[in-house]
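Student: Each chain, letter by letter, is given below.
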Amino acid sequence: MTTLHAPDAPLEVRPRKISRKATGADAIFEHASRAVGASVLVITGGVGLFLAWQAYPTLQRYGFGFFTETQWQPETDTLGIAAVLLGTVEVAMVAMTIAFPLALLTALYISEYAPAAIRSTLVSLVDLMAAVPSIVYGLWGFFLIMPHAAEFALWLQKHFGWIPIFQVHADPDAAVWDASRYIASAFCAGIAVAMMVLPMSCAVMRQVFSQTPAGEKEAALALGSTRWGMIRAVVLPFGRGGIIGGTMLGLGRALGETIAVVLIVSPAFEIKPRILEVGTVTVSSLIAGRFGEASTAQLSALLAAGFVLFVITLIVNTVAAIIVNRSRSGAGTDA
Amino acid sequence: MSRLRVLSAVLAALACVLTLPGAASATVYAQIEGTGSTWSELIVQQWISDVDANGMKVVYTGGGSSKGRKDFSQDSTDFAISEIPYQGVDEQGNADTSNGREFAYLPIVAGGTAFTYQLKIGNDLVRNLRLSGETLSRIFTNQITNWDDPAITRDNNGRKFPSLPITPVVRSDGSGTTAQFTTWMDKMYPSIWRPYFGRSGLTSYYPRKGRMIGQAGSDQVMNTIAGFAGNGTIGYVEYSYPVNKDYPVVKVLNKAGYFVEPTQYNVAVALTRARINQDKSSQLYLTQILDGVYSNPDPRAYPISSYSYMIIPTGADDPRMTTAKRQTLADFMYYSLCAGQTKAGPYGYSPLPLNLVQAGFDQIAKLKKADPDVDLTDRDVTQCNNPTFDGKHLDQNKLAAIAPQPAACDKLGEGPCGTETGNNQPSTDDNSGGTTGGTTGGSTGSTGGGGGGSVGQAPGSTDPGATTIDPVTGAVVGAPDGTTTSAGAIYANPTELVSSRPADTNTFGLLAVLELIALILLPGLYVAALGRRRNANRLGGR
Numbered sequence: 166m167t168t169l170h171a172p173d174a175p176l177e178v179r180p181r182k183i184s185r186k187a188t189g190a191d192a193i194f195e196h197a198s199r200a201v202g203a204s205v206l207v208i209t210g211g212v213g214l215f216l217a218w219q220a221y222p223t224l225q226r227y228g229f230g231f232f233t234e235t236q237w238q239p240e241t242d243t244l245g246i247a248a249v250l251l252g253t254v255e256v257a258m259v260a261m262t263i264a265f266p267l268a269l270l271t272a273l274y275i276s277e278y279a280p281a282a283i284r285s286t287l288v289s290l291v292d293l294m295a296a297v298p299s300i301v302y303g304l305w306g307f308f309l310i311m312p313h314a315a316e317f318a319l320w321l322q323k324h325f326g327w328i329p330i331f332q333v334h335a336d337p338d339a340a341v342w343d344a345s346r347y348i349a350s351a352f353c354a355g356i357a358v359a360m361m362v363l364p365m366s367c368a369v370m371r372q373v374f375s376q377t378p379a380g381e382k383e384a385a386l387a388l389g390s391t392r393w394g395m396i397r398a399v400v401l402p403f404g405r406g407g408i409i410g411g412t413m414l415g416l417g418r419a420l421g422e423t424i425a426v427v428l429i430v431s432p433a434f435e436i437k438p439r440i441l442e443v444g445t446v447t448v449s450s451l452i453a454g455r456f457g458e459a460s461t462a463q464l465s466a467l468l469a470a471g472f473v474l475f476v477i478t479l480i481v482n483t484v485a486a487i488i489v490n491r492s493r494s495g496a497g498t499d500a
Numbered sequence: 004m005s006r007l008r009v010l011s012a013v014l015a016a017l018a019c020v021l022t023l024p025g026a027a028s029a030t031v032y033a034q035i036e037g038t039g040s041t042w043s044e045l046i047v048q049q050w051i052s053d054v055d056a057n058g059m060k061v062v063y064t065g066g067g068s069s070k071g072r073k074d075f076s077q078d079s080t081d082f083a084i085s086e087i088p089y090q091g092v093d094e095q096g097n098a099d100t101s102n103g104r105e106f107a108y109l110p111i112v113a114g115g116t117a118f119t120y121q122l123k124i125g126n127d128l129v130r131n132l133r134l135s136g137e138t139l140s141r142i143f144t145n146q147i148t149n150w151d152d153p154a155i156t157r158d159n160n161g162r163k164f165p166s167l168p169i170t171p172v173v174r175s176d177g178s179g180t181t182a183q184f185t186t187w188m189d190k191m192y193p194s195i196w197r198p199y200f201g202r203s204g205l206t207s208y209y210p211r212k213g214r215m216i217g218q219a220g221s222d223q224v225m226n227t228i229a230g231f232a233g234n235g236t237i238g239y240v241e242y243s244y245p246v247n248k249d250y251p252v253v254k255v256l257n258k259a260g261y262f263v264e265p266t267q268y269n270v271a272v273a274l275t276r277a278r279i280n281q282d283k284s285s286q287l288y289l290t291q292i293l294d295g296v297y298s299n300p301d302p303r304a305y306p307i308s309s310y311s312y313m314i315i316p317t318g319a320d321d322p323r324m325t326t327a328k329r330q331t332l333a334d335f336m337y338y339s340l341c342a343g344q345t346k347a348g349p350y351g352y353s354p355l356p357l358n359l360v361q362a363g364f365d366q367i368a369k370l371k372k373a374d375p376d377v378d379l380t381d382r383d384v385t386q387c388n389n390p391t392f393d394g395k396h397l398d399q400n401k402l403a404a405i406a407p408q409p410a411a412c413d414k415l416g417e418g419p420c421g422t423e424t425g426n427n428q429p430s431t432d433d434n435s436g437g438t439t440g441g442t443t444g445g446s447t448g449s450t451g452g453g454g455g456g457s458v459g460q461a462p463g464s465t466d467p468g469a470t471t472i473d474p475v476t477g478a479v480v481g482a483p484d485g486t487t488t489s490a491g492a493i494y495a496n497p498t499e500l501v502s503s504r505p506a507d508t509n510t511f512g513l514l515a516v517l518e519l520i521a522l523i524l525l526p527g528l529y530v531a532a533l534g535r536r537r538n539a540n541r542l543g544g545r
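Chains A and B, in that order, give the protein sequences. For any residue, its number in our numbering is found by taking its place in the first sequence, counting from 1, and adding 165. For any residue, its number in our numbering is found by taking its place in the second sequence, counting from 1, and adding 3.
Careful: at least some of the hints might be erroneous.
Unchecked claim - Across the chosen pairs, the derived CB separations fall in these ranges: (1) A:S204 - B:T64: 29 to 37 angstroms; (2) B:T148 - A:I328: 40 to 48 angstroms; (3) A:V481 - B:L524: 30 to 38 angstroms; (4) B:T148 - A:T286: 48 to 56 angstroms; (5) A:S198 - B:G103: 45 to 53 angstroms; (6) B:T148 - A:W218: 32 to 40 angstroms; (7) A:D242 - B:N149: 21 to 29 angstroms; (8) B:A327 - A:A486: 27 to 35 angstroms.
Claimed, not checked - Okay, derived cross-link-like pairs now, DMTMM-like style, lysine to aspartate or glutamate, Cα gap no bigger than 20 angstroms in a straight line: (9) B:K212 - A:D242; (10) A:K323 - A:D338; (11) B:K248 - B:D222; (12) B:K212 - B:E137; (13) B:K123 - A:D336; (14) B:K212 - A:E240; (15) B:K123 - A:E240; (16) B:K369 - B:D381; (17) B:K369 - B:D127; (18) B:K371 - B:D383; (19) B:K372 - B:E417; (20) B:K212 - A:D338; (21) B:K371 - B:D381; (22) B:K163 - B:D127; (23) B:K369 - B:D320; (24) B:K60 - B:D383; (25) B:K258 - B:D127; (26) B:K212 - A:E316; (27) B:K123 - A:E316.
The hints are simulated quantities; they were obtained by calculation from the structure and are not laboratory data. Only a predicted model underlies this, so the values are computations on that prediction, with no experimental measurement involved. Ideal Cβ positions, reconstructed from N, Cα and C, are used throughout, including at glycine.
Given the sequences, and given the hints that come with them, work out the whole structure.
Tutor: What follows is the structure, given as structure tokens:
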């Protein structure tokens, strides 16, 4: 029997010199991908710089009041994004509340439960949801969903009205239901936005789930675990990073969703925590609604709001990246 | 051989004859693009599809008058359509000008700013609401907030509406419709409008307060009002939008004491008092001065009538214009001002009167001035197939002359009429013509406009709803009393409204939730069950 190590191996202390420089096809690939990667940085940075440059006059003029003022009235020179930011967060939160469980369960079903025959169909259906233009989601939300969402909002108000966010300033037991108070709200817009962020979150989660080591899944089943027990013990811990990453990615999109929101909401510039009540406004819907007729100064104010949204989205995504990095996929299964 | 030559000569001559009158057919067209008003968008889109067959490519997108004026000033469009002229400087000190681009205003179509609403009694839509200008102004300034307000009852001659909050729907974007409506309020009811607005004058951005809902674009306003949650809403749009959607409009009280609907006739009559800025040196040349329209004493006049302008570039060195584009613009506008106006009535607009058409021709001539290559031959008012005048009697407004007198039940203190609104039919007792006083020539046979039709509907005799049974109470509503006034009207029964609700919504809410869950889960469960059964069969078979 020969040993694996040659007897004189300890003498060879210096490792063989390996060239760090790629050659040939490797070099081309490396440079090309570096260029493409860098261009993403340059473009994103460029957008940020452009927004900051455009926003500067507004931020200089209104100062910190730009963040505390709720009204957006260029004609009377009062501008602020307090209400707009709150509305943005509300719509995004409603969207994520609906989209997160849907995306998680859809991803789990596709990767773990679905019969192989329909799996690929389901995957392409979810991808198709991402391909539907947002104006279609907007019209769908306006004409088909809003009537039912309003009924649901009334039900929520009746039973959970004591929670501040479910309050509506209307009598739920009125003789004629005051339907116009329950439409065009953050809740209605959030439902449409949820359908738009769902495929993104779902795709990321499904990708990660499908990479769960088969051996560990089989080990769990071999130890007598049920299917759900296996998912709980192996798939979910392994995919934690993907779940968080997908959710954050979806949140980033939900914060910036535009046309569907423009179609659904009735702009209201006030601090309104009541998500079921008519009227809200988001940064992107404000920009889309007003930029067409904006003068130079107003455009600068709109882009200032866009800049703030850009920074917030950047923070959200950075935090997501940090979390995903820390909880390396599969870390939970190592134990 | 010679026969062939003769034949070819004949053919050539024939071709020559054929092409001569249509010299325009030899002209080169280029695509022109414009943006602006949603008020007049419906008719403009119709014109565009009409001229498409002649090789003229025109692209028009709405977006609001403010956007139209801005796009034009930035040289990003070839024309704009707006209800108000450039305002010079807005309140913030920002310019609302053409940015140095030379332009002219060209009137294109008239119409009435209509108030459309959804108001249900039981499950029936009220279709014959009447309101005075003061009541309307107070509704849109949050002073009247409930449909059972005494002022509304008084306008409807004692007819009560249910206790339901009023939700005004206003435009959230910069809008010429808003500008026209606020101009009217500012001129007619300054004591109501100015305290609410905080200053005097018009605005393109409606100051939304309180219960109001803001929506972008005329169609979204219309959708919100006609939507499921529209009960109790009222909003302002061009008359064509409710006509298109078969939705009722408010009959507005005019100076003569009649409640009228903005049909093409009533608008045409009202606009006979429109003054036009005739100072050719003024920037506002041809813009409208509507004070006389608002207080037109004719019983047929709709007070909030106005017209829309196209803004065309007249500079010789305009950065976007070419001969082909100017030719397209000139021919498109020639069609619009003449034959195109016949479409205005059926669509819920009103054709332009002669003076505005003539002024429009003068403006089109500026295109030739800018570029002598533009061909404007055969562009004569007398050849113009416009329904408001014929080539022989240029001094009278045909449409205003045949406009029917309002029905007696439309008078303040009478009625209300049982006839429906929003269907482009004038409400009149004038069935045969000739019985009306005042203006003569009630030749009801030909309207020129077509679809509008001037055959009046005598409410008492033709209204099928004369003995409507209230579906809720079972009582006969609008009991026929033999007069021509109150037939078919839907009357309020403010105390019975609870019964209009199908059942306890609580139960239905729960049911809806269960249904939703079932809808999502059942197909999956079924498929899963199928799979399990198949597996079991397979295992059992082994």
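Student: Against each hint, give a clear statement of whether it holds in the structure.
Tutor: Going through the hints against the structure:
no.	hint	in the structure
1	A:S204 - B:T64: 29 to 37 angstroms	holds, 33 angstroms
2	B:T148 - A:I328: 40 to 48 angstroms	violated, 28 angstroms
3	A:V481 - B:L524: 30 to 38 angstroms	holds, 32 angstroms
4	B:T148 - A:T286: 48 to 56 angstroms	holds, 54 angstroms
5	A:S198 - B:G103: 45 to 53 angstroms	holds, 49 angstroms
6	B:T148 - A:W218: 32 to 40 angstroms	violated, 46 angstroms
7	A:D242 - B:N149: 21 to 29 angstroms	violated, 35 angstroms
8	B:A327 - A:A486: 27 to 35 angstroms	violated, 55 angstroms
9	B:K212 - A:D242	holds, 17 angstroms
10	A:K323 - A:D338	holds, 8 angstroms
11	B:K248 - B:D222	holds, 10 angstroms
12	B:K212 - B:E137	holds, 19 angstroms
13	B:K123 - A:D336	holds, 19 angstroms
14	B:K212 - A:E240	holds, 15 angstroms
15	B:K123 - A:E240	violated, 37 angstroms
16	B:K369 - B:D381	holds, 16 angstroms
17	B:K369 - B:D127	violated, 53 angstroms
18	B:K371 - B:D383	holds, 15 angstroms
19	B:K372 - B:E417	violated, 56 angstroms
20	B:K212 - A:D338	violated, 25 angstroms
21	B:K371 - B:D381	holds, 14 angstroms
22	B:K163 - B:D127	holds, 15 angstroms
23	B:K369 - B:D320	holds, 13 angstroms
24	B:K60 - B:D383	violated, 23 angstroms
25	B:K258 - B:D127	violated, 31 angstroms
26	B:K212 - A:E316	violated, 25 angstroms
27	B:K123 - A:E316	holds, 18 angstroms
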